[in-house]
Amino acid sequence: MNSKVSDRRAFLKGSAALAGLAVGAIPFAKGEALANVTPGESTVKLGVTKLGVTPDEPTIQDLLYGGRSSYETSVRIATSGALADWGLRTLTPLQDSIGIITPASLHFTVHDEFNLNNIDPRTHTLTIHGMVDRPLIFTMEELKRLPSVSRVHFLECTGNSGMGHYRNMLQDRAKGRTDVTVIQTVHGRTSTSEWTGVPLSLLLKGVGVQKGASWIVAEGDDNVHHAKSIPLAKAMDDMIVAYGQNGEALRREQGYPLRLVVPGFQGVCNVKFVKSIKVVDKPYYMQREISAYTNLKPDGKASWYESQVGPKSLITFPSDAHKLPGRGFYEISGIAWAGRGAISRVEVSTDDGRTWKDASLQQPVFRKAWTRFRLGWNWDGAETVIMSRCTDEYGDIQPTYMELAKMWGLDEKSYDERMPAIPATEMAQWLTTVGAVLNNQIQPWRVSQDGSVQDALFSTLLHDKI
Amino acid sequence: MRCSALYCMTKSNFLLSVMALLACGTAMAQLPTYNVGRTPTEAELRAVDDLVGSDGKELPPGSGTAKEGAPIYAAQCAVCHGQNGEGVNRYPRLVGGVGSLNTPHPIKTVGSNMPYATTIWDFINRAMPPFPMERNLSPDNVYALTAFILSKNGIIKETNVMNKNSLVEVQMPNRHGFYPDPPHSTLEKDGFWTPRWEQTKPAAK
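From first to last, the protein sequence lines stand for chains A and B. Residue numbers are given in this note's numbering: position 409 of the first sequence equals residue 409, and the series is strictly consecutive. Residue numbers are given in this note's numbering: position 123 of the second sequence equals residue 123, and the series is strictly consecutive.
Accuracy of the hints is not assured; some may be wrong.
One-sided and incomplete, this derived list gives chain A residues near chain B with beta-carbon spacing under 10 Å [stated by the list, open to error]:
hint	residue
1	Pro58
2	Gln61
3	Asp62
4	Arg76
5	Tyr284
6	Ser452
7	Ala456
Cβ-to-Cβ under 10 Å is the rule here; a few derived chain A residues that face chain B [claimed, not checked]:
hint	residue
8	Glu289
9	Gln362
10	Val365
Simulated DEER-style distance windows between Cβ atoms [what the hints assert, rightly or not]:
hint	chain 1	residue 1	chain 2	residue 2	range
11	B	Asp181	A	Arg122	36 to 46 Å
12	B	Asn35	A	Asp56	29 to 39 Å
13	B	Asp181	A	Lys205	39 to 49 Å
The set of hints was computed from the structure by calculation and includes no laboratory data. Source: prediction; values computed, not measured. The C-beta atom is built at its ideal place from N, Cα and C for all residues, glycine as well.
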């Protein structure tokens, strides 16, 4: 912090205290909460002394940066289980999501440490090197001068919607935690933003990629030194070196001042605080593409570099964070996305999968982005199960969990010669083990007569003790 | 300028090699058309060129044995990973687990799971012990620690010297435990990066 700013802040704090004495309240103590809103001339024009005195008056923060109504309480929550000990991992409140854009404040974060770099953009650089004709180093100022694009894309953590998160959630509940729900705790590792930055292809063409190159490997300037290999063809296709998110600079927990956006690929590929991109001729087998983010099958072999997210949809209202007050009309609403392209169809069933109706899709539909779907529903008050399934522009259909399990090589009845059948009692353990990544299954919700809504997937699979 | 020089040598086109050499050396380059960016200095390039791939091109000179690694491990690593690599509390176990990957309780360790020893070297070198202590080990120490972990896993002998050449040659038990091998680097088909969706497309109901 430069000393001028801190002096001013100290001064304002002092005057706030004085003003507080004078009017018997603390006028802008609330505004102080946001460290980087520095009241300046505008506050004088806006009449600071009158702000925030009563609860109904806006604070300086509300006016200079913006806050929300005190009646709105939707927040990210910490992830469940031991994963919360690994770092700043927070989950998007999907149950409150509206439209397709996630406010940056509510974007999920998976940060494998508790320190959050506060990188000075004046010193941050991006170096592109390796199998290139001209290795180059760019400052942030230079990158921002280059032709830019803004695109709407989802991000999703590789492990989102996995059985392991459900298990962790139950354990947290058993320990007395009350803020966890399946919609947020199991599924909340996805968000959608408008990302702005330089197409990586522009930079790569400029440095001159050499013959024989087939991958890039990117490294971030965080304290865990995250590094990830990505196919060069993907880099040339649609990757963005992004500095903007939803109309403002990236948030710190999203990799300020610069990150990769790899549309449709698992979250782990979207290297934050990106400082270097090396052009190479093979993947680099970094720790985070071997020890995790591989998909271990029952035969002990793992598939790797399976980065594309499958077609996926989820009803966000009503879900297990809600309770319907009574029979009558409700708009069922949810999100659908596919790593391969655009969502072309979402079907909703309100009778446990017996019949399906096409939901309307919010326009325009962006490729590799959340698509909001909606369907009017008259609930007759009887217990039922509701669910959605989507199809992408290539005709790929979202699977059920059991269809997904079969793809992973799990089958309750008979699995191919490599393995004996898996008893139902062991299924949950196998799903936790094998299905640690890439879970794009259909999520059914049970609506009970009293209007409460419960998960009707994981709870039916988890036969054994948690 | 170790790596760039290497690329220059493998280029067949003479003119291009000269250009690349110039770029590596003194000549300043910029992004064509836009004229932004500049050629990094050797020191700047060395600072970011720290990721080690499976053919070990980026490995620095130096060497170490498990014997030399043991006291460093005991002093700097055992508190989290256990005296013998068994793992303490939530910290990862580094030893054992071979034969467990096809059971419902797989034990993934660097010994049972990693296909290349370079990954262990790279991770220790850049990230261990964790923040704020990381990036303080000398290349000799990283070779010695990698040798220690490999030897505890029974993959090499206590006396084997690990260096730029021998590390790349270590045969990891799970070398062929991943598929496709090598990983796909191109689109399988229009927009497809993961063939499994195609192979296993669930039937429409």
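Violations among the numbered hints: 1, 2, 3, 4, 6, 7, 9, 10, 12 and 13
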